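Trainee: Given these sequences and hints, build the entire structure.
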Amino acid sequence: MSIQKNNAILISEVMMPLDRMVVISETVIMKEALEKMGQSHLGIACIVDDKNILLGILTDGDIRRKLLKVQKPLSALLVDDALEHAIVLPMTTHSDMTLKAAIVLMGDKKIWDFPVVNSQGVLVGLLHLHPAVKALLGC
Amino acid sequence: MINKIIEVGYGKVNKVKIGDKLPLAFIGGPCAIESRDHAFMMAEAIGKICQRIGISWIYKSCYDKDCRSAPDSYHGLGVDDGLRILADIRDEFGIPVVSDFSDPAWATATGEVCDMVQVPAYLCRQTSILRAAALTKRPIHLKKGQFMSPWNMKNSVRKIEAAGNHQILLADRGTFFGYNMLVNDFTCFPIMAKTGYPVCFDGTHSIQMPTSMGNISGGQREFIPYLVRAAAACGINALFMEAHNDPDNAMSDANTVLNIKHLENVLGQAKAAHEFRLEMLEQFGEDNVHSEK
Numbered sequence: 001m002s003i004q005k006n007n008a009i010l011i012s013e014v015m016m017p018l019d020r021m022v023v024i025s026e027t028v029i030m031k032e033a034l035e036k037m038g039q040s041h042l043g044i045a046c047i048v049d050d051k052n053i054l055l056g057i058l059t060d061g062d063i064r065r066k067l068l069k070v071q072k073p074l075s076a077l078l079v080d081d082a083l084e085h086a087i088v089l090p091m092t093t094h095s096d097m098t099l100k101a102a103i104v105l106m107g108d109k110k111i112w113d114f115p116v117v118n119s120q121g122v123l124v125g126l127l128h129l130h131p132a133v134k135a136l137l138g139c
Numbered sequence: 001m002i003n004k005i006i007e008v009g010y011g012k013v014n015k016v017k018i019g020d021k022l023p024l025a026f027i028g029g030p031c032a033i034e035s036r037d038h039a040f041m042m043a044e045a046i047g048k049i050c051q052r053i054g055i056s057w058i059y060k061s062c063y064d065k066d067c068r069s070a071p072d073s074y075h076g077l078g079v080d081d082g083l084r085i086l087a088d089i090r091d092e093f094g095i096p097v098v099s100d101f102s103d104p105a106w107a108t109a110t111g112e113v114c115d116m117v118q119v120p121a122y123l124c125r126q127t128s129i130l131r132a133a134a135l136t137k138r139p140i141h142l143k144k145g146q147f148m149s150p151w152n153m154k155n156s157v158r159k160i161e162a163a164g165n166h167q168i169l170l171a172d173r174g175t176f177f178g179y180n181m182l183v184n185d186f187t188c189f190p191i192m193a194k195t196g197y198p199v200c201f202d203g204t205h206s207i208q209m210p211t212s213m214g215n216i217s218g219g220q221r222e223f224i225p226y227l228v229r230a231a232a233a234c235g236i237n238a239l240f241m242e243a244h245n246d247p248d249n250a251m252s253d254a255n256t257v258l259n260i261k262h263l264e265n266v267l268g269q270a271k272a273a274h275e276f277r278l279e280m281l282e283q284f285g286e287d288n289v290h291s292e293k
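In order, the protein sequence lines correspond to chains R and S. Read in my numbering, the first sequence has 111 at position 111, and its numbers run on one by one without any break. Read in my numbering, the second sequence has 270 at position 270, and its numbers run on one by one without any break.
The hints are simulated quantities; they were obtained by calculation from the structure and are not laboratory data. Take the hints with a grain of salt, since some may be wrong.
[To be verified] Among chain R residues calculated to face chain S with C-beta under 10 Å, some are: (1) MET16; (2) PRO17; (3) LEU18; (4) SER25; (5) LYS72; (6) ASP80.
Because the structure is a prediction, the values reported are computed rather than measured. Glycine included, each C-beta is placed from N, C-alpha and C at the ideal position.
Mentor: Next comes the structure, spelled out in structure tokens:
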């Protein structure tokens, strides 16, 4: 399959479903969020409310920056709500966007993951760069 | 974060609202209910002081002191007699009352009489106590254990919330500093306030020296006004102090209770410091410096 042909692939065909990504509620504490991220081998956790509306994201990069910035004891940081250290109103995309356009955008923004939401802001999946590129390359 | 306000008082008693930028509330009384006559005498005397100062008040006294160090220390009048006296004080003076409880089996009875139920500091992470307190549906005075970090109190808060109760007052009563000694770290107030619930300073137990007198606790009562002033200036919503007409002969916590002859002095200063803090916030802005972290 040529890359040219794959230009028509939509995000909906490639995105991770909710049960394969890290989705946590707004009351999950940092310690639990880090455990879940570690188990998933993903560098991102999506934080949602009880209606599954995306509230924020917590990424490996955010955590690295927090560790240098926040001077509180580690035991205090670990019991903070993950949402407190999350990026609120993160960049998101929609499932009907083409994969190629999304990857170009991810390159421009220097991000590895794109939360996918519907028109109501409800989280529906995650576009992760590795499977996205593989799909575009047809491998 | 939303600063929650709790309201203490059901039925015909005065309602006491605690939280956000409301006036400082006072929770106080003799540590233990010693007798009906003594409880009434203290209620009348403290009530007059609170009226003169103009501070809203919740009467505190306990019917069972389960954390005594010695087997022959005064344990209290017990659930039935103690709660009957508290109920009569409510009716007579029209004030809300609070007592702690140390056994989940006593929670229902305590909540039926008391306007607020108190979780003892030593038991602040016991799930059965927290759940029982929550199920009373009354506001809960939750004291931070002397062994607990202020941030870990959030776990106790979450246990109460999980049982459906969202009316909590978090109190500091000092933190263990080695053996038989407490210190106060006032950063605990903004840290515990991050839960959204109001915070309280226990000005008399904070000067306690736990079990420093062999089989009873000692204390340095002379430091009460210093810590109370500092706590009020730091930012609290309620002040807790135990008071007694004859501290040396008090049947519980004799070495930490404030002599009632000093109550007006200390309470008046606390109220003034609280009001001055609110004025300062108004004039200079909120405390949220470096909140960008």
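Trainee: Quick one, is the ASP80 (chain R) hint okay against chain S at 10 Å, beta carbons?
Mentor: The hint holds - ASP80 (chain R) has a Cβ within 10 Å of chain S, the shortest such distance being about 8 Å.
Trainee: Tell me if the interface restraint on PRO17 (chain R) is satisfied: Cβ within less than 10 Å of some Cβ in chain S.
Mentor: 29 Å, violated
Trainee: Hint check: is the beta carbon of MET16 (chain R) less than 10 Å from a beta carbon of chain S?
Mentor: MET16 (chain R) check fails; min Cβ-Cβ to chain S is 30 Å, beyond 10 Å.
Trainee: Was the hint right that SER25 (chain R) lines chain S, CB cutoff 10 Å?
Mentor: With Cβ-Cβ at 12 Å, over 10 Å, it is violated.
Trainee: Hint LEU18 (chain R) vs chain S: min CB-CB distance below 10 Å?
Mentor: Where the cut-off is 10 Å and the nearest Cβ of chain S is about 24 Å from LEU18 (chain R), the hint is violated.
Trainee: Return the status of the interface hint for LYS72 (chain R): holds when the least beta-carbon distance to chain S is below 10 Å, violated otherwise.
Mentor: 8 Å, holds
Hint compliance for this structure: hints 1, 2, 3, 4 are broken, all remaining hints hold.
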